[in-house]
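Enquirer: Protein chains in written order, with the numbering used here: chain A, 1 to 473; chain B, 1 to 467.
Errors might be hidden in some of the hints.
As the list claims (entries may be wrong) - What follows is a list of derived Cβ distance ranges for each label pair: (1) Leu75/B <-> Val438/A: 49 to 55 Å; (2) Asp263/B <-> Val406/A: 56 to 62 Å; (3) Arg272/A <-> Pro55/B: 42 to 48 Å; (4) Asp60/A <-> Ala100/B: 40 to 46 Å; (5) Ala100/B <-> Gly57/A: 38 to 44 Å.
What the hints assert, rightly or not - Residues from chain B that keep clear of chain A, each with C-beta distances beyond 10 Å, as calculated: (6) Thr17; (7) Asp45; (8) Leu79; (9) Ala89; (10) Ala106; (11) Arg110; (12) Val150; (13) Ala161; (14) Arg243; (15) Ala261; (16) Leu302; (17) Arg348; (18) Ala406; (19) Ala427; (20) Gly444.
Unchecked claim - Stretch-level coverage of chain A by chain B, calculated; a stretch enters the list once three of its residues show a Cβ under 8 Å from a Cβ in chain B: (21) 218 to 227; (22) 248 to 261; (23) 283 to 295; (24) 360 to 366; (25) 421 to 435.
FYI, nobody ran anything at the bench for these hints, they're computed from the structure.
Every residue gets a Cβ at the ideal spot worked out from N, C-alpha and C, and that includes glycine.
Letter by letter, the chains look like this.
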Amino acid sequence: MSAAMSTVPSVINVGADLLADAVSAQAVEVTRVDWQPPMPGTAGDLATVVGDPARAGANDRALQAVLGVTARLVDVLPASEAVGLQPGEFLHAGPPITWERASGPMRGALMGGAALEGLCASPEEAPTLFESGSGVSLAPCHSRSAVGPMAGVVTPSMWMFVLEDTATGRRTYCSLNEGLGKVLRYGAYGPEVLERLRWMSEVLGPLLQASVRATRDSVGPVDVTGILTQMLQMGDEAHNRNRAGTLMLMRDLAPAMVTSGGEATHVAEALRFIGGNDHFFLNLAMPACKLALDAARGIEGSSMVVAMARNGTDFGIQVAGTGDEWFTGPAQVAEGLYLGDYDRSDANPDIGDSAITETAGIGGFAMATAPAIVRLVGGSVPDALATTRRMHEITLGENPRWSVPVLEFQGTPTGIDVTRVCRTGILPQINTGMAGAVAGVGQVGAGLVTPPAEIFPLALSRLAERARDRVDD
Amino acid sequence: MTNHVEVRAGAYADSVTLLQVSRTVQAVDGVLAAQVAMATALNVDVLASMGFDVPGETTSNDMVVALRLETAASLDAALAAVDEALSSASRRESGTTEVAPPRTVASAERRAPAGSVVVVSVPGENAFVEAVDALEADSDVMLFSDNVPVEQEVRLKTLAAERGRLVMGPDCGTAVVDGVGLGFANVVSPGPVGLVAASGTGCQQVLALLDHAGVGVRYAWGVGGRDLSAEVGGRSTREALDRLERQEDVELALVVSKPPAPDVAVAVHEHASRLTTPVELALLGSGQPDLTAAVERVLERLGRTVPSWPVTGAATASGGTFLRGLFVGGTLASEARIIATDRLGGDRGHTFVDFGDDAYTTGRAHPMIDPTLRLEHLAEAGADPDTAVLLLDVVLGHGAEADPAAVLAPVLAEIERPVVAVVVGTAADPQDLARTVDALASAGAEVHLSNAHATRRAVEIVEAAQR
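With the rest of the complex left out, here is chain A (with noise of 0.2 Å):
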């Protein structure tokens, strides 16, 4: 029989099933693709922005990029210094936001950050000072090479991490993870909170400023990249769980740190609030992926994501091909479990630059090697392997420094495509904590969400009016 020397290797069918019963019937072996129509009223853009002669090849160079780019710690300065931050000025998380349009997190982060800056006596007195708009701006971190979790607030006084891909000198910045419970980033603005970020202004940050000084200047930079390589086989995902993340920046600064010349019992408290917060180095974590997903911004017919970030109002996402325009839609609620008694009733829809981890590959989309957290939404552990999985029917490829052990030490997924989102339907899958939905209430739980269906085929219609658009030209 011809077929047996055939030197047909294989084929895909994709499509009528009946076609691949053919195909296995004459003993060759067939891939069946689960086929299903694209998102409503997209068939005719991607074929545009698919059929870009530029896509395939900007696509490569985006990619390239973002897995070129090793972030490294070089300096640790207050928002005045590291991003020009003037008195009134404020960033905050996500696509641009007014404060007649701010989620309750959101204006209650705005209200500490006032009264911490001095703008006003007290929070209370805040909503006044905005509404009158007299004094004060609003800009998104990301406007700024930052991120911010959570809202994000920054103001001029808040110490910022400032990290650096040495081959171009780029820079990005993130301000200090202020821990768990009731902090500003979830909306709380209570004394306790003030008194902490005070602290943080006060002791913390100059004391990260000598040891990363120190250290940079001794051994090196801390290579963040590197550390996010090793958490990520140490159960980490680097969004939700940052725990092996945290104690190994420690283990890198404590050395320069005790022998900064700072009070022991500085130094002292500054570790115990290090080791006590598993989450101090998502601050690190999220300013590595923005640095790596910046290089491609910019990138002529490149459909990869940059950028996703929430505002508590809006979500939104920014794509290599179609400059720093936002494509925003209705922030979701998390799925997930609820601290105390509180409820899904309480919850502020998804807030955060935090979804920056998933954009760049890990976060949600590294769940397979943080089988631990899958359970925040009731998952087990093969949930978390296929997660992993299915994000790469979305992603451009693979990042080969950061595998995942349980899945063969396969590269996490990366470079979140707007034509397979559009074509599969399949939604980016983000971790993230929840604030509560009335300003100074702080987090109320933790969970999974999606971006809304929606801006992808924003998105993708953007990238085939350019496309068309070169055409003509």
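Got chain A; can you put chain B on it based on the hints?
Expert: What follows is chain B alone, placed relative to chain A:
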């Protein structure tokens, strides 16, 4: 309402498990609130804010079970629920570890061996993106889908040319790739003829006739009905011819197509003239030799004997006026129409219906898979005294109906009008050619292997009936 707080020294579960346990217990009847947590400073604060009194001497290595109950009577049930939830949280459930199938061709390409052939049969408006995935992974594409816009076809074939890949289609029903049939394909042996076919059933007719003559085919590349149009410019035809040229055992290449656009004809002829493999053209259209004649010419060029094309059974004229052609193969229908109208001098009320046409397939399977629609028309035309002869085709091979004779023969047996049928198939086809032919002949049909011969016989019956 009553509060219950107990400290379990030395008990441990991770915080996520405990959140889950708390949620489970909270759902128990009579429980107003439940918090099972390690007694960390944060959790003790949370418990205090909920109104629970936690004993001061706890440490973060102790587990606190705090319950708020409607009445104390619910306590035992609530504590049992805590224990059950704690033990089930540590129980291993066997979730599925099966890997989900790929959702796009791009994803499938990462899993399949390199150099696969990708068969695309999704709706036409979605076919392009899957085909691009295949080409970007350096695979050939068989585009079974129809309704693919011509500009997408040009784009695909340009991309394929850049990568040395072949796009078969769109609307490509049949291909044979190194002996493997794709789409609707007959089982043939390898041999000296290579095919380049713009038509699926046209290709199948050629395969069937060559097989009967003892001539095999290792490669039958489909190219799609528009490949030799001015817009597409014969891109796939040229690539397919180049591939046959590289195949040492191919002695002759046969191109089956509608007549090409004039410029394209020149280009293809020029291209063919640079090849060492001789190229024969079988063009489908008025004034051209039919496919059977083209196959005979191929056999002669190869120095093979032209066999007599088999006929089983005999139909005889018995009145009526019209030829009713009911086809599942588009090329077979148009070949019959051309031959018959040439002979009968125009349409004159004779009909040649292609049940594979879009008008009959929207929302339903191709008639080679689902015969229902044609069977209905067949019964109707068979009962009409104005019908002089029924002419129909049956196509065998991979992908086609498992046993077309089983449903067709009983309908034919009820029909009193003469029936001429062509059965397009090879001896090795899964349906069993001989058995199919016998079943139809036993039901009263005159059965041919050649569509052209079947059509001429039908025309003779019309003419005899009209005399």
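Enquirer: Run every hint past the structure and note whether it holds.
Expert: Each hint, compared with the structure:
Between leucine 75/B and valine 438/A the CB atoms are about 32 Å apart, so this pair departs from the stated range of 49 to 55 Å. Separation of aspartate 263/B from valine 406/A is about 59 Å and conforms to the stated range, judged on CB atoms against 56 to 62 Å. For the pair arginine 272/A and proline 55/B, the supplied restraint of 42 to 48 Å is violated, since their beta-carbon distance comes to about 24 Å. Roughly 26 Å separates the CB atoms of aspartate 60/A and alanine 100/B, a value that falls outside the hinted 40 to 46 Å.
Here the CB-CB span from alanine 100/B to glycine 57/A is close to 30 Å, at odds with the stated 38 to 44 Å. In this structure threonine 17/B is not separated from chain A by more than 10 Å, as the shortest Cβ-Cβ distance comes to only about 6 Å. The claim that aspartate 45/B lies off the interface is violated: its Cβ sits roughly 7 Å from the closest Cβ of chain A, which falls inside the 10 Å cut-off. Its beta-carbon lying about 18 Å from the closest one in chain A, leucine 79/B satisfies the requirement of being farther than 10 Å from that chain.
Interface exclusion of alanine 89/B from chain A breaks down, the closest Cβ pair being 8 Å apart, not more than 10 Å. Its beta-carbon lying about 7 Å from the closest one in chain A, alanine 106/B breaks the requirement of being farther than 10 Å from that chain. Not every Cβ of chain A is farther than 10 Å from the Cβ of arginine 110/B; the closest lies at roughly 8 Å, contradicting the non-interface assignment. At roughly 13 Å from the closest C-beta of chain A, the C-beta of valine 150/B stays outside 10 Å, upholding its exclusion from the interface.
The beta carbon of alanine 161/B sits about 13 Å from the closest Cβ of chain A, which is more than 10 Å, so the claim that it is off the interface holds. No beta-carbon of chain A is positioned within 10 Å of the beta-carbon of arginine 243/B; the least distance is around 12 Å. Every CB of chain A is more than 10 Å from the CB of alanine 261/B (nearest about 24 Å), matching its label as outside the interface. For leucine 302/B, the shortest C-beta to C-beta distance to chain A comes to about 19 Å, beyond the 10 Å cut-off, and the non-interface label holds.
Here arginine 348/B stays apart from chain A, with its beta-carbon at least about 39 Å from theirs, past the 10 Å limit. No Cβ of chain A approaches the Cβ of alanine 406/B within 10 Å, the least distance being about 18 Å, so the stated non-interface status holds. Chain A leaves alanine 427/B outside its interface by the beta-carbon criterion, the shortest separation being 13 Å against a cut-off of 10 Å. Distance to chain A confirms glycine 444/B as a non-interface residue, since its nearest Cβ pair spans about 31 Å, more than 10 Å.
Look at the segment 218 to 227 of chain A against chain B: 0 of its residues bring a Cβ nearer than 8 Å to a Cβ of that chain, fewer than three, so the hint is violated. Counting residues of the segment 248 to 261 of chain A whose beta carbon lies closer than 8 Å to any beta carbon of chain B gives 0, which falls below the threshold of three, so the coverage claim is violated. Counting residues of the segment 283 to 295 of chain A whose CB lies closer than 8 Å to any CB of chain B gives 0, so the stated coverage by that chain is violated, three being the minimum. For the segment 360 to 366 of chain A, the stated coverage by chain B is not satisfied: 0 residues place a CB nearer than 8 Å to a CB of that chain, which falls below the threshold of 3.
Given a C-beta distance limit of less than 8 Å, the hint that chain B covers the segment 421 to 435 of chain A holds, as 3 residues qualify and 3 suffice.
In summary, the numbered hints that this structure violates are 1, 3, 4, 5, 6, 7, 9, 10, 11, 21, 22, 23, 24.
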